[in-house]
Amino acid sequence: MKITPLNQQHKKLGARMVPFGGWEMPVQYSGVIDEHLAVRQAAGLFDVSHMGEIEVKGSGALTYLQNLTINEPSVLVDGQVQYSACCYPEGGVVDDVTLYRFAPDHFMFCVNASNIDKDFAWMQKVLADGAFADVVLTNRSPEFAQLALQGPKSEEILARLTDADLKQLVFYHFIEADVAGVPTIISRTGYTGEDGFELYIAADKAELLWTQLLETGAGDGLIPIGLGARDTLRLEKKYALYGHELSEAITPLEGGLGWITKLDKPSFVGQAALQKMKAQGVPRRLVSIRMCDKGIPREEYPVFACGKEVGIITSGTMSPLLKVGIALALVETSVAAVGTEVEIGIRQRRVAAEIIKPPFV
Amino acid sequence: MEFPEEFLYTEDHEWVLVEDDIVTVGISDFAQDSLGDIVFVELPEVGYQVEAGKTFGVVESVKAVSDIYTPITGEVVEVNDELPDTPELVNTSPYEGAWMIKVKLDNPAELDGLLDAEAYQSFVEEQD
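If you're matching them up, the sequences are chains R and A in order. All letters in the first sequence, in the order written, are residues 15 to 375 by the numbering used here. All letters in the second sequence, in the order written, are residues 975 to 1102 by the numbering used here.
By construction, these hints were calculated from the structure, which means they are not laboratory data. There could be a bad hint or two in this list.
[Claimed, not checked] Dumping the calculated DSS-like pairs for lysine-lysine here, alpha-carbon to alpha-carbon at most 25 Å:
id, chain 1, residue 1, chain 2, residue 2
1, A, K1028, R, K308
2, R, K71, R, K132
3, R, K139, R, K308
4, R, K181, R, K71
5, R, K308, A, K1078
6, R, K71, R, K371
[Stated by the list, open to error] Okay, the calculated bits of chain A under chain R, using three or more residues with CB under 8 Å as the criterion:
id, stretch
7, 1007-1013
8, 1085-1095
Backbone N, C-alpha and C define an ideal beta-carbon position, used for all residues, glycine too.
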């Protein structure tokens, strides 16, 4: 089992630790609902050091990235971030990622913790298969720790620890500056839907930054947040989680990532398969479902429309903010319209629900 | 962590309160603490026949679904109707507000295998 540099800190704070993708991680501290509401109303601090960082350098980097990913990286300027994904030739997803541009010949991916080795191997394979020149790939995950500071009070709290002008730092951009004396990549990105920052630092500086942030933000209501609330927060905003809404068996067109799939750009891995799927009609769509009666929709529960099974829940929970069951589901395109009444199979019952326009909150 | 003396306990973390041939069933303080914030409780109806070792309902936390078992066999004679509307009682009052069902006990011998408070506490402490 792998551990992050903050493992002891979590235990000191009384976190309940669980295995996640080969890592021992905190699932909760004070409680999932408490933590979820803190992020929506004040601020929360997450240890996301288990995530991976893969560097792409060289004069051939951009050409390689255009082929490797489904979005268009040439629109990026220095200091900008892009949400993207890598696909297999058959169209399924290798991973969803964020791509950082430091310079025309220097990029970095942030990848999912459970996919680090797989992604790195895949990226090396695409590099070799395409014989791209002047590209160097480095898996820098062990060198980095990562914290996420999220919530309406985030900027106010972070500003106390850095001279960087955070007001100028806009969404999906990043800067490099010192935070509490620690050299940091400050990225205005996140997985909660609130204003916030993802902070990349050297692994041996994690404890310092973690404790400094918690101390300085305590008066604003900043508390540590575990993976339990991380999941409910992203679900309320319809953000995909690899392994649920995206996988080798789910294409970006089905998994709600059509908006980052630039089918008309020059050749990229998976393009032919995705163009074919688009031409023939995408067979299933990711929809947002809200329960109308009591019951909590869960992953793998079936979805029915007019008595017929039409799909499956990919992620579900009780929304701490809405206090109603919410879910994402893959359903046949013919029933995917907003307003469609459906039923979710929950144990022996069929419980009424509705497809709604996202996001939930 | 509370282990009231007047109850008997199971290794599945239910408690039972025996009053003549009526047995009240709920889940223990240890159980609610392990599960986290409870957001949903599903209970059977009056008249339902519960069987020792089988599930009679479900509690759900934000993250997960947990079956609840009964160590005894018999007919459900009363159900805590308030509980499904206020699932958080399982967290705040697992031994009182969150009693779940009352069962007319068919076979008192089924109580023999249950743990008293001290034995259950030892069992729980060994889990860590």
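Hint-by-hint comparison with the structure:
As the CA atoms of A/K1028 and R/K308 are separated by approximately 24 Å, the hinted pair is consistent with the 25 Å bound. For the suggested pair R/K71 and R/K132, the alpha carbons sit about 19 Å apart, so the restraint of at most 25 Å is met. For a cut-off of 25 Å, the pair hint linking R/K139 to R/K308 is broken: about 48 Å separates their Cα positions. Between R/K181 and R/K71 the alpha-carbon distance is near 30 Å, which puts this suggested pair outside the 25 Å criterion.
The hinted pair formed by R/K308 and A/K1078 fails the criterion: a straight-line CA distance of about 29 Å is larger than 25 Å. For the given pair, R/K71 sits about 40 Å from R/K371 by alpha-carbon distance, which is inconsistent with the 25 Å threshold. Remark: the stretch 1007-1013 of chain A is confirmed as covered by chain R, as 3 of its residues place a Cβ nearer than 8 Å to a Cβ of that chain, reaching the required three. A stretch counts as covered by a chain when three or more of its residues have a beta carbon under 8 Å from one of that chain; for the stretch 1085-1095 of chain A and chain R the count is 0, and the coverage is violated.
Hints 3, 4, 5, 6, 8 from the earlier list are contradicted by this structure; the remaining hints agree with it.
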